[in-house]
Amino acid sequence: MSEVKEKKPSGSRKWTARILTLVVLIAIAAWMFVIGRGHTVYFDNKTLELENGESIGTLQRVDVYVNGNRVARLAKRERGMATWIGQNFKMTLEITKEKGDEPYTQEVAIDLPYSLDGIVVNLPGYLAGRSQDEWMSEFVPVASSTTEEDEEIITDEFGLGDM
Amino acid sequence: MNKKKFSLGEFLRGNSVPIMFILICAFCIPISGFSPTYLLNEIITRLGRNAFLILSLLIPIMAGMGLNFGMTLGAMAGEIALILVSDWQIWGIPGVVLAMIISIPFSVALGLLCGKILNMAKGREMVTSYIISYFINGVYQLVVLYMMGPIIPIAHSSIKLPRGYGIRNTVSLLNMRQCLDDLLAIRVSGVKIPVLTLIIIALMCLAIVWFRKTKLGQDMRAVGQDMDVARDAGIQVERTRIISIVISTVLAGFGMIIYLQNMGNLSTYSSHSQIGMFCIAALLVGGASVDKASIGNVFLGVILFHLMFIVAPSAGAKITGDSMIGEYFRVFVSYGVITVALVMYETKKRRAKQSLGRQLEEDQRKGEKA
Amino acid sequence: MSESVKRSGVQGKLRSFVQSFGLPRLIIAGFLLLLFIAAPMVGSDLGVQLTNTINRFSWNAILVLAMVPMVHSGCGLNFGLPLGIISGLLGATLSMEFGFSGPMSFVMAIVISTPFAILLGGGYGWLLNRIKGGEMMIATYVGFSSVSFMCMMWLLLPYHSPNMVWGLAGKGLRTTISVEGYYDKVLSSFLQIQIGTLVIPTGALLFFALLAFAMWAFLLTKTGTAMTAVGSNPTFARAAGIDIDRIRMLSVVMSTWLAAVGILVYEQGFGFVQLYMAPFNMALPAVSAILIGGATVNKATIMNVIIGTFLFQGIVTMTPTVMNNMIHMDMSEVIRIIVSNGMILYALTRKSEASR
Amino acid sequence: MDDRKAPLLEMKNIRKDFFGNQVLEDINFTLGEGKVLGLVGENGAGKSTLMKILFGMDVIRETGGYSGDILLSGEKVSFQTPFEALAAGIGMVHQEFSLIPGFTATENILLNREPKKHSVLSDVFGDRLDTLNRDAMKKKAGDAIEKMGVMIDGSMVISDMPVGHKQFTEIARELSKDQLKLLILDEPTAVLTEHEAGALLDSIRSMAERGISVIFITHRLQEILNVCDQVVVMRDGRVVQDVAARDTNVQEITHWMVGRDVQLSARTFRELPSQETVMSIERLWVDMPGETVRDVTLDVKKGEILGIGGLAGQGKLGIPNGIMGLYEAGGRVTFEGKEIPLNQPRRCLDASLAFVSEDRRGVGLLLDESLEWNVAFPAMQIQNKFLKKYLGGLIKWRDEKAIEEVTKKYIDELQIRCTSSRQKARELSGGNQQKICLAKTFAMEPRFLFVSEPTRGIDVGAKALVLDALKRFNRESGVTIVMISSELEELRQICDRIAIVSGGSIAGILPASASSEQLGELMVSQVK
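Residue numbers (our numbering), protein chains in the order written: chain D, 1 to 163; chain E, 1 to 370; chain S, 1 to 356; chain W, 1 to 528.
Hints are supplied without guarantee of correctness; some may be wrong.
The calculated SDA-like cross-link candidates involving lysine to any residue, where the alpha carbons are at most 20 Å apart (straight line), are [claimed, not checked]:
hint	chain 1	residue 1	chain 2	residue 2
1	S	K171	S	L157
2	W	K389	S	F218
3	E	K213	E	D87
4	S	K222	W	N384
5	W	K389	S	K171
6	E	K122	E	R221
7	E	K160	D	F139
8	W	K401	S	L219
9	S	K222	W	E404
10	W	K401	S	W216
11	D	K99	D	Q60
12	W	K424	S	S16
13	D	K99	D	L59
So the derived list for chain E, only partly shown, Cβ under 7 Å to chain S, looks like this [to be verified]:
hint	residue
14	M126
15	Q141
16	L142
17	V143
18	D232
19	G321
20	D322
21	I325
22	Y328
23	V331
24	F332
25	I338
26	T339
27	L342
28	T347
29	A352
Label-pair distances were calculated between CB atoms; the ranges are [what the hints assert, rightly or not]:
hint	chain 1	residue 1	chain 2	residue 2	range
30	D	G129	E	L174	30 to 36 Å
31	W	F83	E	L203	34 to 40 Å
32	E	L203	W	R113	27 to 33 Å
33	E	P36	D	E98	19 to 25 Å
34	D	E98	E	G190	42 to 48 Å
35	S	G133	W	T334	33 to 39 Å
Don't read these hints as lab results, they were simulated from the structure.
A virtual CB, placed ideally from N, CA and C, is assigned to each residue, including glycine.
Please take these sequences and the hints and turn them into a complete structure.
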């Protein structure tokens, strides 16, 4: 410790270190892109009409658990919602098929497509084991016209609200 | 000459601002009628929210560039990063980390610009950095209000203005709201402690302590005390000053992201406009001055300033029957404390000059007698 | 041969003109000219545009004029303008409270605001004399703290006039108070001239001319000369036996009083008294206006005031309409922020000024 | 000693001029390894310029460089920056401290040369993120302090130190540089107490024993004799003597320093015009940084030109600055029988005193205003001249016409070269600026005039004109003039009597006919 020689990092070493840092940063950023993508998953307990005219009936009641919390309790023709970060969506369903049946639980894992923000999953269709594009669809938000209050020009007024 | 001797008067004068605030708080807390748990909860929340931002002010003070009103630039960089990240729908902690990484190039560019301009305005860094923050605010609005949409792709209409370009007045950050604070959070008798955020702040403090021990830190202290001597010794004065501003801007960007993830939404056009003032006021309340600030000042400042901030409106309302009085009072106190600190700094500079004269005069008197 | 000599002479003249006028100023003037040319083309009436510009000029010119004395005495740009504005607001509200109306209320507002301006300006000047060298930053914050202090006072002071207080509570002043029935357009409508769509508020312009002349005359006097010298080289002035602190104090009081009168003139044109946080950001437009007019941190003339106010207000009024008609985007606010603050930055970073 | 080995430093035919003004001519000397060379000479003799050349200061390059050769250990060198000089082993301790006030002695000694420990981050962000190695710093600074031989506390903060220790810190800084071969000390003892100065001399000797050569610049001649091996005396930009220290004495050196080929034959001395005392100064002290006046008592006779001379830093400039109220002062000054209150410039000016400051650009002129303003301003402010009255004296305006007239008059009279009377003062040359300063005071028509360094930094032609103008002003208007100058010759040319200031008080007053040696002896008599 006492006799530390002054080591000057050579130019090439300095640059490798810098580039390495940059690469690591970009790698982290890219990784965050992948693991941080958020999705809103909607699950319907609705009758699924298929193109060939077939239809799959609703379930009596479904309780949806995500990360151990119940996020929805769906009766017939109801829709629930959960947010999920990442593409490997997991939930636990507690299903009552017909009135009076004993509920049973089922672990569900769905791969969410990266590009979709909102995803609708038709539970009856999924549980019937149909192909993915039959029970999964994109959620298209209705153009919200509720938040029209902005568009005032910005001045430097004092933010008197909570800071 | 003997500085070790403790003098009460000296202590009171040196710490007049914190003492004043302790008195204000002591007066207002009982009147406001808030429960200790509530206050403690609020204080800890605000500590986690603001401390990082305030820490970003320390390094320019070390480099003798005064209170960096240009920290607003970092805040704007952080906001731009957050807008982008929320448009890309990256949520939670990954979103926060990504926003931090994305803010770096913006902060560095703005910091370089700010540092260059401040080097052209030596001796009036503070007023210049203050105007820079306004100027860049204009540029920020240009980017966010007109370029986001047509030039910078923004996909989601939920953050776009109905007219098709520009960002809405508020951008919801619900999906990363308090994600740092909640991870590892513990509750102690009703008080939520955001452990992860506090750990990040603690690491930042350690980093600053470490930074003071580096060659660069030493150079900054030297430049801060006497630019000419530092230049004669071969230190690159201008470069060092620019680096200090760049570091401060980058840290302010991180701080802003931490601040906003706690708030849970971003007021696109006003979140940053007051943030510099609040941080500076808090730091000064903690007993810092224009040329001297420590980590201790940061924490004391956050606690005292925000305690005042919480209790003043309610206490004001109880006393005068008008809730706005307290609101205005805390605004007045924020500005007042900065004014007082600036005045004290300038008068101290003058007094230092005069006392040098006194010293000489004394010597002469002695010489005359001898 | 003689031609080439002439040309180079013209060129040299042009260059020295650009240098003396300053490049940013030239760009701004060119931009404004462009707006005036573009205005009829995009279908807005030039007369109306000019009227607007002249009107706004008449409201704001005195606030810009208030910068002059402090620049002359070396106190720098008066970022503490809100302090003077507060004196003016006190004058305005008290004059209304005491029941004056019509033109009399305007005169009384000026009379009542004068002692406040002297008092506040005196205190402000005393403070600035103790902190020579750091004036601009401290002035900014003195302005801010005084505005926020007055916010409390507007609520607490015992005003009663039903035209001014909140209807329900019966106390506390409203944020905006109409001056209708008091001194609305009292100057603007005096000797007003109308040519087609062009309306000239002669009275307000005359009032400004009067004050500007008084300022010009003052700068010619012995004390005025001393003020300029104090700003130019304080040590020289001291060696010539001038009491620097007294001169600086005088300049601050003058500036404060002019700001008080300036805000009253602004109100008579605008039609409303704006209280609470309104004076907060009134300093920056005035500061940048005088800088656009060619002033520097320690030199300013009446001509700078007139040119600067005209250019600044021209841009503020013209851009929204012209821009809106042209590209259907209202960028005027952003342009105003960038231009005005950019101008201040330019002035602060000029090498020649940095020496002091 | 090996005779064939080249000496450490050799200067050959060094010449230097500032814009045609020759300040160094044919400087030749050599300095051996481990030797101490004393460099003496009056102010303006060229010592500092020579050292600046050796040290590669920017100002030399900016003013056109120098001619001649500097040989360091036999090799020709020409330093472009002080850093090159430092790298070659030359260290210099300047008169002004170059220390960071809030740092400890150790930190200052190793400023920007701190031993460092490598850290991971420095690979990425450059070696400025290495941490400081405090232990190594302490050791290295300790070594340097030991080498110097004077004990100072390495952990003490500079701002808490007595002046002497600051000086030692500076020296230790130079000593801590391993490559140091030659140390230049520019008046290091000026700020030291006698005891400290003694310690410094001892340490110079011990440095020399370690093989470091020293160039020692001082006005205290006895110190030179005590410590130096060799004495080089400079005068008017030339080396006039280069002798071994043991072969000479203080009187001889003084003689060499001031002795000139005097051409006073043309000058006739007059009797003092009056024996009446017009101003008497009693026990004056002035707190002017660098020119402290400690205890000055002096009588000025009516109508005379009194010269005040002395070495730089001895307090001669403090006298007029203190009396005129520009720096804080104490004591008693009476003018024409009435006491003049100190520290109030206005009262002096009202009493018809005037002052031409040595600091032309800082105090003397409004650089950014016209010549007219500069000339007329004080007279206008103090005596209400050049004013037009309106409304029965209620309004007083500048009389631009009268101002222009008076300015033109002085432009003609003093041959001021300018484009017009409206030109900015900044644009004039030094000599013409000085003439404007004179015009400004003449316009006030004072009865008593202080002139401080009237010829500093101006060319020969302007010099003669300025001196002539002063003399004429004295003879024609009967104004008493006190002229302060570092140039003895100039004082002897126009003054009736010359007072010499040394150590902050008057060392003696001699008639202008006194010999240079007499004056020179007074100059160094009480140097502190």
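A quick look at each hint next to the structure:
no.	hint	verdict
1	K171(S) x L157(S)	holds (8 Å)
2	K389(W) x F218(S)	holds (13 Å)
3	K213(E) x D87(E)	violated (41 Å)
4	K222(S) x N384(W)	holds (8 Å)
5	K389(W) x K171(S)	violated (53 Å)
6	K122(E) x R221(E)	holds (16 Å)
7	K160(E) x F139(D)	holds (19 Å)
8	K401(W) x L219(S)	holds (17 Å)
9	K222(S) x E404(W)	holds (16 Å)
10	K401(W) x W216(S)	holds (18 Å)
11	K99(D) x Q60(D)	holds (6 Å)
12	K424(W) x S16(S)	holds (16 Å)
13	K99(D) x L59(D)	holds (9 Å)
14	M126	holds (5 Å)
15	Q141	holds (5 Å)
16	L142	holds (5 Å)
17	V143	violated (10 Å)
18	D232	violated (20 Å)
19	G321	violated (10 Å)
20	D322	holds (6 Å)
21	I325	holds (6 Å)
22	Y328	holds (4 Å)
23	V331	holds (4 Å)
24	F332	holds (4 Å)
25	I338	holds (5 Å)
26	T339	holds (4 Å)
27	L342	holds (5 Å)
28	T347	holds (6 Å)
29	A352	violated (13 Å)
30	G129(D) x L174(E): 30 to 36 Å	holds (35 Å)
31	F83(W) x L203(E): 34 to 40 Å	holds (38 Å)
32	L203(E) x R113(W): 27 to 33 Å	holds (31 Å)
33	P36(E) x E98(D): 19 to 25 Å	violated (56 Å)
34	E98(D) x G190(E): 42 to 48 Å	holds (46 Å)
35	G133(S) x T334(W): 33 to 39 Å	holds (37 Å)
In terms of the numbered hints stated before, the structure departs from hints 3, 5, 17, 18, 19, 29, 33, listed from lowest to highest.
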